[in-house]
Amino acid sequence: MPIVKGAALAALGFALALPGPEPARADTVFVSNEKSNTVSVVDGEKLAVVATIKVGRRPRGITFNQDMTRVYVCVGDDNRVDVIDVATLKVVDRLPSGPDPELFVLEPQGRLLYVANEDDNKVSVVDTAAKKIIGEIQVGVEPEGMGISPDGKILVNTSETTNMAHFIDTASHTITDNVLVDARPRVARFTADGRFVWVSAEIGGTVSVIDLGTRKVVHKIRFAVQGVPRESIQAVGIQMTRDGKRAFVALGPANRVAEIDAETYEVKRYHLVGQRVWNLALSPDEKRLYTTNGVSNDVSVLDMERGRVIKSVAVGGAPWGVIVKP
Amino acid sequence: MTALRRLAVACALLLAGSAWGGAGAADPLTIRIGYLTRAEEPRIPLTFLEPVVEDEGVQGARLAVVDNDTTGRFLNQRFELVEATVPEGEGVEGAVRGLAAQGIRLLVADLRADALLAAAALPDARAMLILNARAPDDELRNELCRANLLHTAPSRRMLADALAQYLALRRWSNWMLVVGRAPEDAAFAEALRRAAKRYGARIVEEKIWSFEDANRRVDTGHVTLQSEIPVFTQGRDHDVVVVADEADAFGEYLAYRTWLPRPVVGTHGLVPTAWSRVHEQWGATQLHSRFERQAGRWMRPRDYAAWIAVRAVGEAATRTNSADPAVLAAYIRGPDFTLPAFKGQGLSFRPWDGQLRQPVLLAGPRTLVSVSPQPGFLHQFSELDTLGDDQPETKCSGRG
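In order, the protein sequence lines correspond to chains A and B. Take the numbering used here: the final residue in the first sequence is number 326, and no numbers are missing along the way. Take the numbering used here: the final residue in the second sequence is number 400, and no numbers are missing along the way.
By construction, these hints were calculated from the structure, which means they are not laboratory data. What you were told as hints is all true, and nothing was included just to trick you.
Some but not every residue of chain B turned toward chain A, in silico, with C-beta under 8 angstroms:
1. D67
2. T70
3. S289
4. T318
5. P340
6. Q345
7. E383
By construction, the Cβ of each residue, glycine as well, lies at the ideal position given by its N, Cα and C atoms.
Turn these sequences into a full structure, and let the hints guide you.
Printed below as a string of structure tokens:
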């Protein structure tokens with residue numbers, strides 16, 4: 001199976017190398033490598049690593065600032081957030097984060113960064129301008145996933161051992177609702193219209209769709225891949241197209257990305273990618289999906305029009321998070 | 001530190017309470033879990049790098065209560081561990097009766113097989129669900145199985161199979177088996193022989209460790225060992241030395257002293273185990289650091305099995321939103337139960353013998369070497385059922 005896939009990829013790679021009508025793209029992809037303590041920078045046109053930036057230890061969560069001039073990276077083992085300048089591709093600053101930051105989310109207004117402190121059962125509120133922690137919110141055991149509503153009013157944090165999505169009012173920094181989901185929730189992602197939040201569960205292998213109005217799970221998306229044991233189907237990264245029609249869920253050691261009709265919740269197909277796929281990012285034009293494959297140490301590039309992987313780009317050790325800038 | 005922690009939990013409770021408004025004032029549902037152990041001489045490890053541990057097991061249960069409470073505060077549930085320790089050498093009957101009289105119906109047992117069986121057979125235990133968090137004996141999962149018993153500790157056969165799968169993968173298929181004199185060593189050796197057969201290995205030589213057990217502190221003790229062990233390990237050529245020494249009486253001495261330069265595996269060297277400090281994947285680091293903050297030492301497999309047992313009750317309480325022991329026990333036994341426990345997949349109980357299916361770590365002395373089941377050992381339903389007694393093999397008929 002891997003040999004066949006490799007051959008197909010090689011053939012496609014060859015096809016890509018030919019001069020053709022393929023439009024030039026200026027995507028820049030940033031990948032955090034949990035094991036190598038680096039961020040790989042991949043050129044979206046060449047589909048090759050053009051820079052490797054040394055950061056603190058155990059980089060995982062990664063996000064842009066509001067105008068995409070900076071990249072924030074959680075470096076969990078150094079208990080801080082490193083700040084990369086997008087122009088010079090150098091670490092230019094650092095932010096406090098509270099202990100063991102894993103994932104975070106920037107409020108839409110761009111100033112406050114909400115950081116999950118995995119080892120400390122809390123969420124730290126970081127003012128990126130003042131470079132200070134201005135608040136802490138007690139949540140469940142091993143907080144991880146962080147999502148924020150499009151209007152910035154509601155923060156959702158997932159806790160891996162408590163198995164809940166905590167709804168936090170950002171004005172008062174208090175928890176207003178706790179919604180039980182399946183085992184080991186990882187990622188929380190709001191729909192573009194702000195009506196629902198999707199929460200993936202790694203061990204449960206499902207995605208719970210929670211209605212913001214009722215704070216109840218209204219649908220549970222389940223996955224089944226022929227020939228893959230149920231235990232290997234572990235839902236983690238979630239991405240949705242801006243029109244709210246399509247969603248993609250990374251299925252970990254199943255080595256697949258599920259493509260879902262986001263209106264009917266029907267799983268349309270499974271895309272074979274690299275090994276242990278954790279996180280995903282859509283290109284700004286939504287023509288490509290980039291996936292981080294933590295065991296095969298590469299990024300799969302899924303062409304959305306052709307519906308298949310067109311290239312695997314070798315990055316650093318144990319790639320974890322991925323973001324794309326136009 | 002502990003006091004601080006308690007204060008932190010109390011503050012968290014207050015915070016959570018204010019978040020619910022009126023609901024915070026309601027009395028929380030209290031779920032009470034018994035914990036039964038019997039005092040015994042602590043195991044003295046041969047290595048001086050490991051501390052002598054006198055609170056093995058119970059620290060895991062206590063940590064799980066804290067973890068359960070953190071979740072429980074969002075659901076208005078609180079958990080209480082009712083600990084009972086029987087004096088050394090005494091029967092457990094009185095303690096079980098006492099716990100039953102206090103209304104305990106969910107009991108974590110940190111007992112050896114004989115005491116566990118005595119406890120489970122009592123009329124007072126009939127209405128209890130007992131979670132065996134210690135005894136690895138295969139008979140407890142087979143001929144001597146009981147309907148009121150579940151096992152969070154892996155069986156010897158699971159451990160032996162986990163090791164044998166890895167040795168098969170490496171094609172180290174000729175084993176020299178070295179067995180200690182304790183009855184549990186014979187039991188583990190039996191599990192290893194069965195595993196060898198299952199996974200196509202040959203035991204080409206078998207030795208019984210017959211030297212006097214010595215105090216671990218002997219001046220210039222290494223001189224004697226250096227002459228004894230090379231001679232002791234002479235025999236037919238083999239790929240690996242497999243040692244069965246659960247009591248830690250000699251296994252530590254084998255590595256680097258064998259006649260042939262061969263790796264040591266089994267109870268020493270490369271060890272199949274439910275838990276080890278060398279394991280850090282799937283969030284294990286978080287459990288280690290919580291445990292170490294609480295206990296001031298590393299978490300051992302017995303602590304982990306007790307943690308799982310108490311967390312299983314917590315998970316059932318979360319999912320059923322109930323404090324009724326009958327409801328919780330039914331959920332734990334039921335098909336929907338799955339517990340994340342830092343092994344990369346959900347754990348659940350086998351209906352045929354009550355054993356918790358779980359991946360088994362293969363821990364080297366300094367780092368994690370692998371995790372079984374190994375790739376390629378397939379199973380119709382769950383690859384975890386390639387470890388230990390699968391449904392067609394079970395000799396357990398007392399569950400129904």
